[in-house]
Structures are given as structure tokens and as C-alpha cells.
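Colleague: The primary structure of each chain is shown beneath.
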Amino acid sequence: MSAMDSTLLRPRLLGRATVNVVVAISALYTLLPVLWLLLAASKSRDALFSSSILSFSDFSLVQNLKDLFAMDGGLYGRWYGNSLLYAVLGAALGALISIGCGYAFDKYHFRHKEKLFGLVLAAVMVPQTVLALPLYLIASETGVVNTFWSVFIPVLFNPFGVYLGRIFAQGYVPDEVLEAARVDGAGELTTYVRVSLRMLGPGLVTVFLFQLTAIWNNFFLPMVMLSNQDLYPVSLGLYQWNSQASVSPEYYPVVITGSLLAVLPLILAFVLLQRFWRSGLTAGAVK
Amino acid sequence: MTATAHVRTAQAAPPQAADVSRRKAQRSAQRRRNGAAGVLMAPFFLLLLLVFLIPVGTAVWLSFFSDDQPGLGFGPERTVFVGLRSYAAVVTDPTFLSGLGTVGLYCVIYIPLMVIGSLALALLLDSGVVRLRSWAQLGLFLPHAVPGIIAALIWLYLYTPGISPVIEALGKADITVDFLGLHTTLPSIVNIALWSNLGYNMVVFYAALQAVPREVLEASVVDGAGPVRTALQVKAPLVRSSIVMVAMFTLIWALQLFTEPMLLHQSSQMINTRFSPSMYIYDAAFSRNNYSLAAAASVILLIITIAISYGVTRWTNRVEKAEEHAR
Numbered sequence: 001m002s003a004m005d006s007t008l009l010r011p012r013l014l015g016r017a018t019v020n021v022v023v024a025i026s027a028l029y030t031l032l033p034v035l036w037l038l039l040a041a042s043k044s045r046d047a048l049f050s051s052s053i054l055s056f057s058d059f060s061l062v063q064n065l066k067d068l069f070a071m072d073g074g075l076y077g078r079w080y081g082n083s084l085l086y087a088v089l090g091a092a093l094g095a096l097i098s099i100g101c102g103y104a105f106d107k108y109h110f111r112h113k114e115k116l117f118g119l120v121l122a123a124v125m126v127p128q129t130v131l132a133l134p135l136y137l138i139a140s141e142t143g144v145v146n147t148f149w150s151v152f153i154p155v156l157f158n159p160f161g162v163y164l165g166r167i168f169a170q171g172y173v174p175d176e177v178l179e180a181a182r183v184d185g186a187g188e189l190t191t192y193v194r195v196s197l198r199m200l201g202p203g204l205v206t207v208f209l210f211q212l213t214a215i216w217n218n219f220f221l222p223m224v225m226l227s228n229q230d231l232y233p234v235s236l237g238l239y240q241w242n243s244q245a246s247v248s249p250e251y252y253p254v255v256i257t258g259s260l261l262a263v264l265p266l267i268l269a270f271v272l273l274q275r276f277w278r279s280g281l282t283a284g285a286v287k
Numbered sequence: 001m002t003a004t005a006h007v008r009t010a011q012a013a014p015p016q017a018a019d020v021s022r023r024k025a026q027r028s029a030q031r032r033r034n035g036a037a038g039v040l041m042a043p044f045f046l047l048l049l050l051v052f053l054i055p056v057g058t059a060v061w062l063s064f065f066s067d068d069q070p071g072l073g074f075g076p077e078r079t080v081f082v083g084l085r086s087y088a089a090v091v092t093d094p095t096f097l098s099g100l101g102t103v104g105l106y107c108v109i110y111i112p113l114m115v116i117g118s119l120a121l122a123l124l125l126d127s128g129v130v131r132l133r134s135w136a137q138l139g140l141f142l143p144h145a146v147p148g149i150i151a152a153l154i155w156l157y158l159y160t161p162g163i164s165p166v167i168e169a170l171g172k173a174d175i176t177v178d179f180l181g182l183h184t185t186l187p188s189i190v191n192i193a194l195w196s197n198l199g200y201n202m203v204v205f206y207a208a209l210q211a212v213p214r215e216v217l218e219a220s221v222v223d224g225a226g227p228v229r230t231a232l233q234v235k236a237p238l239v240r241s242s243i244v245m246v247a248m249f250t251l252i253w254a255l256q257l258f259t260e261p262m263l264l265h266q267s268s269q270m271i272n273t274r275f276s277p278s279m280y281i282y283d284a285a286f287s288r289n290n291y292s293l294a295a296a297a298s299v300i301l302l303i304i305t306i307a308i309s310y311g312v313t314r315w316t317n318r319v320e321k322a323e324e325h326a327r
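First to last, the protein sequences are chains Z and L. Each residue of the first sequence is one higher than the last, beginning at 1 in full-length UniProt numbering. Each residue of the second sequence is one higher than the last, beginning at 1 in full-length UniProt numbering.
Since the hints were derived computationally from the structure, they do not count as laboratory data. Misleading hints may appear alongside valid ones.
Claimed, not checked - FRET-style restraints, in silico, Cβ to Cβ:
id	chain 1	residue 1	chain 2	residue 2	range
1	Z	GLU114	L	GLU320	37 to 47 Å
2	L	ALA88	Z	GLY73	14 to 24 Å
3	Z	VAL247	L	VAL177	19 to 29 Å
Claimed, not checked - For lysine-lysine, the following DSSO-like pairs were computed, each having C-alpha atoms within a straight-line distance of at most 30 Å:
id	chain 1	residue 1	chain 2	residue 2
4	L	LYS172	Z	LYS113
5	L	LYS172	Z	LYS115
6	L	LYS321	Z	LYS113
To be verified - Here chain L is said to cover these stretches of chain Z; the calculated rule only asks that three of the stretch's residues, wherever they fall, bring their Cβ under 8 Å from a Cβ of chain L:
id	segment
7	62–74
8	95–105
9	199–213
Glycine included, each C-beta is placed from N, C-alpha and C at the ideal position.
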């Protein structure tokens with residue numbers, strides 16, 4: 001592609017420069033706020049409000065980190081652990097559930113299949129905020145409100161993962177493989193676990209990553225469900241601390257440092273699993 | 001998305017074999033397959049029932065009932081059927097309508113900016129003249145890894161005088177901007193959303209552009225089209241299905257606008273607790289404890305979302321059909 005572009009579609013030098021400048025400015029727009037967060041997290045509270053952001057005279061990242069984990073009896077560490085638990089466990093279990101269902105949609109024939117799939121697609125479109133109040137009332141009735149489960153169970157539901165799972169099953173698992181396994185007398189579920197799931201590996205990782213991001217971002221649902229601070233995820237905890245910052249400014253540095261730490265796991269996941277999510281985006285975009 | 005749903009409707013032909021024992025074996029194989037499909041699908045559909053169908057049903061039910069206290073509020077509370085009264089209350093509530101208007105305006109500004117911006121960046125990256133392409137892509141994608149509430153926090157600080165280096169730099173050039181003023185709040189929120197999602201959608205478009213067959217591009221070069229014309233008249237129309245998908249998901253997310261204004265509300269007088277329909281629902285349900293009002297507002301938001309999504313799908317299908325006829 002690029003070889004062809006450079007030989008056949010060679011644009012004029014001026015155009016080339018303009019394109020690079022536009023892309024560079026866009027990249028600065030996306031990168032600079034993150035860089036600001038990094039620099040601000042290394043400033044003490046006084047320096048944050050007074051000195052220039054680029055001066056390194058007052059480097060207090062370590063002190064900020066100590067303050068962060070000591071604030072309000074170490075609540076932040078607790079929140080971080082909760083977020084990891086909700087996101088990693090929820091995304092792993094949710095991805096398995098969605099991929100299994102998408103696989104069944106592709107490989108098996110049963111009545112009203114396309115109507116059921118239509119229902120799954122409809123669920124993709126329904127805004128989360130619409131479901132929050134009824135979910136809260138149901139959780140209150142069943143007594144799970146303000147527990148781990150009130151946040152954990154709803155985040156497992158990922159209809160878009162089912163849609164992706166069906167596309168991945170279509171692309172990665174040839175029907176001939178299943179026929180061969182059937183001729184060998186292998187059970188359907190054994191084949192799924194031993195053969196198909198392995199072929200679906202990249203798809204599984206993609207759905208996991210999408211769901212990990214969604215759960216780590218989750219804010220509305222925990223806000224509705226949880227009143228016990230010990231169960232908060234990082235997002236809700238930082239929101240809470242930020243609301244206190246206008247009254248007691250000692251919260252500003254911990255909110256900034258806490259935000260920086262909360263960004264790290266997803267960046268790490270995206271960089272490590274780059275190969276997979278790129279293929280997943282392709283599957284989602286190109287039918 | 002619906003196209004894939006309709007392609008694979010062909011059912012397996014019913015077995016025609018006369019041999020009874022073979023038919024029996026086939027029937028038991030079919031039973032085993034149905035069993036496997038059931039096991040694989042049961043967990044998801046259990047979740048669908050628990051956290052989707054029952055809640056939607058509950059919201060609809062709640063919207064038709066209300067807690068009434070007979071006898072000037074001294075009698076025992078009871079739940080009575082009120083029909084469409086809650087809906088009437090919502091659609092005549094000026095704060096709900098203004099929230100709806102705010103989100104409408106937000107969509108009108110945000111969606112074209114997002115779609116055009118991310119598509120333009122993808123086309124630029126796909127033109128093959130960008131240096132350090134994969135680094136540029138990773139940099140543009142980075143904000144997607146920043147949770148929405150933290151993106152809002154970062155920008156809130158960048159909008160806050162005294163902390164923000166942006167305001168300081170502008171101040172040195174004798175420009176004073178109040179990013180959270182009367183007319184700047186909405187653009188400030190659009191900026192946060194744009195920053196968060198631009199790179200993600202760019203990668204979606206870029207992936208779709210990679211799938212454009214190179215013969216098509218070669219043909220356009222032979223026809224004498226320059227790089228700009230190739231991008232706008234050949235490449236962009238070929239990724240139309242991705243454009244529709246990105247626009248649709250952006251719209252669905254935009255209609256739920258909640259996280260950013262909720263956080264900015266902590267610092268700005270310009271954002272009230274009923275700034276968007278989602279904030280209205282939250283306020284009605286958890287500040288005013290008026291469940292039927294909140295449920296009615298939820299159902300209205302749901303209907304608007306489904307109607308727009310359905311309309312967009314129908315419209316694009318019709319356009320595609322019309323173009324096929326024209327060919």
C-alpha cells in the first residue's frame with residue numbers, strides 16, 4: 001500500500017508538509033493533556049497553583065504518592081483493588097460469556113435465531129442511563145444494592161461482544177473443523193473448549209479489552225448502586241474527592257496523582273495487547 | 001450491522017434419509033447440537049433477562065404508576081395507576097425540554113466534528129506520506145485509554161484559572177477566556193468528548209481504509225485523480241458503512257451525555273443538576289425520589305434513541321439500494 005502510494009500517488013512536497021503538520025498538531029492535542037497530568041502529578045500543592053508547569057525545581061511525585069495512599073485511611077488503594085477486581089474479573093468472565101453466545105449464533109441453527117440476534121443488537125443501542133433506575137430498584141428488592149454484586153453482575157452483560165463473537169467465529173473457526181471433530185465422535189462442548197476456543201483466542205482478547213475499558217470507565221452504575229466508600233471503584237472515588245477539593249484544597253494533588261495512576265493499567269493493556277485490538281477494530285468496522 | 005444478520009438466514013435442510021436408524025442418529029446429533037447451543041447461550045440470555053429485559057419492563061411499568069398519599073398526605077401511601085400522567089409531567093417540564101435541547105445542540109456540534117475529524121485524520125494517515133505513522137496513531141489513540149471521568153478531570157483543571165497552563169499562556173497574550181461561562185460550557189464539553197474519542201474512531205476508519213482493494217486505487221490514479229480527489233471521491237465512499245457505524249455509536253453515546261457535565265457541575269454554576277436528560281433522570285430518581293417521573297423520562301430517552309437509530313438504519317439502507325439501482 002505505502003509502496004504504491006509513494007510511487008503512484010506521490011503528492012507535491014508542499015502537500016506532504018501540510019499533511020505532516022496537521023497530523024502532528026492533532027497528536028499534540030491528544031498528547032499534551034496527558035503530559036500535563038504527568039507533570040502536575042509531580043508538583044506539590046503550592047507549586048501546582050503558583051509556579052510554571054514546566055519547572056522541575058519542585059519535584060514531589062514521591063511525596064504525592066505517599067499522600068495519595070495515606071489520604072482518608074488508605075481509601076485509594078482499596079478503590080484501586082476494587083477497580084481491578086470489577087474490571088479484570090468482569091471482563092474475563094464477560095468475554096467468555098459473549099464469545100460463547102456469539103459462537104453459538106454462528107455455528108448452530110435453531111428457530112427464531114435471527115429474531116434473537118436482532119434482540120441482541122437492540123440491546124447494544126439502549127442507553128445505560130435508562131437502565132440505571134430500574135436496576136437500582138431491582139437490586140434494592142433483592143437486597144444486593146450496595147454490595148460487590150450490584151456492580152459486578154450488570155457489567156458482565158456485553159451485547160456488542162456477542163456481535164463481535166459471531167463475526168470472529170465466522171472468520172476464525174471453519175465449519176469443516178467442527179465436521180471433522182464430529183466424525184471423530186467428539187462432543188460438541190468438548191470441541192468448543194479444546195478446538196474452537198483456541199482458534200477464537202485473538203477475538204476473545206479483543207472482547208476482553210473492550211470490556212475491560214468499559215468497566216474501568218464505569219461511573220454511572222457504581223454511583224447509583226454504592227453508598228459504601230469501601231466498595232467504590234477508582235472513577236467514583238476520584239469524583240467524590242474532587243467534589244471535596246473546592247472546600248479543602250489538600251485534595252487537589254491527590255486527585256491529580258490518583259488520576260495518573262488510574263490511567264496506567266489501560267495504557268499498559270492497550271500497548272501489550274496491540275496486536276489483538278487492532279484486528280478487533282477491523283472486524284467491527286468491516287463487515 | 002443488520003446486513004450480517006440477514007445474510008445467514010438459510011436453515012439446514014431437513015433430513016430426507018429413508019433409513020430409520022440413520023434418521024434416529026441424526027436426530028440425536030441434532031439434539032446434542034441444540035443442547036450445546038443452549039449451554040453456550042444460556043449465561044448470556046440469563047444476563048439479558050436480568051439486566052436488560054426486566055429493567056426495561058420495570059421502567060415502563062413504573063412510568064404508568066405513582067405513589068399517592070390520599071387524605072392530604074396523612075393516609076398510608078399506595079401505588080395507583082396514573083396512565084400517561086408522568087409522561088405529561090415530563091414533556092411539559094421546561095427543565096427536561098431544555099436538557100433535551102442542550103443534548104440536541106451538543107449532537108449537532110459534536111457528531112459532524114467527530115466524524116469529519118476522525119475520517120480526515122484516517123485519510124491523511126492512509127495517504128502514505130505521514131512520517132512515524134504507527135507512533136502518530138498510538139499518540140492519537142492514547143486518550144481512549146483515559147477513563148471518561150479522568151478525561152473530564154484533566155480538562156476541568158485545564159479550564160480552571162490558576163491551575164491551567166492554557167489560560168496562563170492565553171493570559172500572557174492578553175486573551176481572557178472563561179471556559180466554563182454561559183456560552184462556552186457546551187463547546188468545552190464537546191472538546192472533552194472529541195479529545196477522548198477522536199483517536200479511537202480514527203483507528204476504526206483507518207482499519208476500514210486498509211481493506212479498500214488496491215485495484216480500485218490504481219484505477220483512480222490511471223484516471224488521473226490526484227491524492228485529494230482519490231481520498232474524497234474514491235476512498236471515503238468505500239468506507240461508508242464504517243462512517244454510518246461510527247456516526248451511530250457516537251450518537252447513542254452523545255444522547256446519554258452524563259459523566260462530563262456531572263463532573264463540571266462541581267465547579268461551574270452554568271451546569272445545573274438537570275443539564276442533560278440523563279442528569280434529569282438521575283436528579284428525579286435519586287435527589288427527588290420521584291421514580292415514576294424518572295421512569296417516564298427514561299422511557300422517552302429510550303424511544304428517542306431507538307427511533308433515531310432505526311431511522312438512520314432505514315435511511316442508509318434506502319440510499320444504498322437507490323445507488324445499486326442507479327448502477
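Colleague: Please go over all the hints and tell whether each is borne out by the structure.
Modeller: Against the structure, the hints come out as follows:
Checking the proposed 37 to 47 Å range against Z:GLU114 and L:GLU320 shows it is violated: the Cβ atoms sit about 20 Å from each other. Separation of L:ALA88 from Z:GLY73 is about 49 Å and departs from the stated range, judged on CB atoms against 14 to 24 Å. A beta carbon spacing of about 26 Å between Z:VAL247 and L:VAL177 agrees with the range 19 to 29 Å that was offered as a hint. Among the hinted pairs, L:LYS172 with Z:LYS113 is inconsistent with the structure: their alpha-carbon atoms are about 64 Å apart, more than 30 Å.
In summary, the hint linking L:LYS172 to Z:LYS115 is not supported, as the alpha carbons are separated by about 62 Å, beyond the 30 Å threshold. Annotation: proposed proximity of L:LYS321 to Z:LYS113 holds, straight-line Cα distance about 25 Å (limit 30 Å). Counting residues of the segment 62–74 of chain Z whose C-beta lies closer than 8 Å to any C-beta of chain L gives 0; at least three are required, and the coverage claim is violated. For a cut-off of 8 Å, the count of residues in the segment 95–105 of chain Z with a CB near a CB of chain L stands at 7, and the three-residue condition holds.
A count of 1 residues in the segment 199–213 of chain Z with a Cβ less than 8 Å from any Cβ of chain L is obtained; the coverage claim is therefore unmet, three being the minimum.
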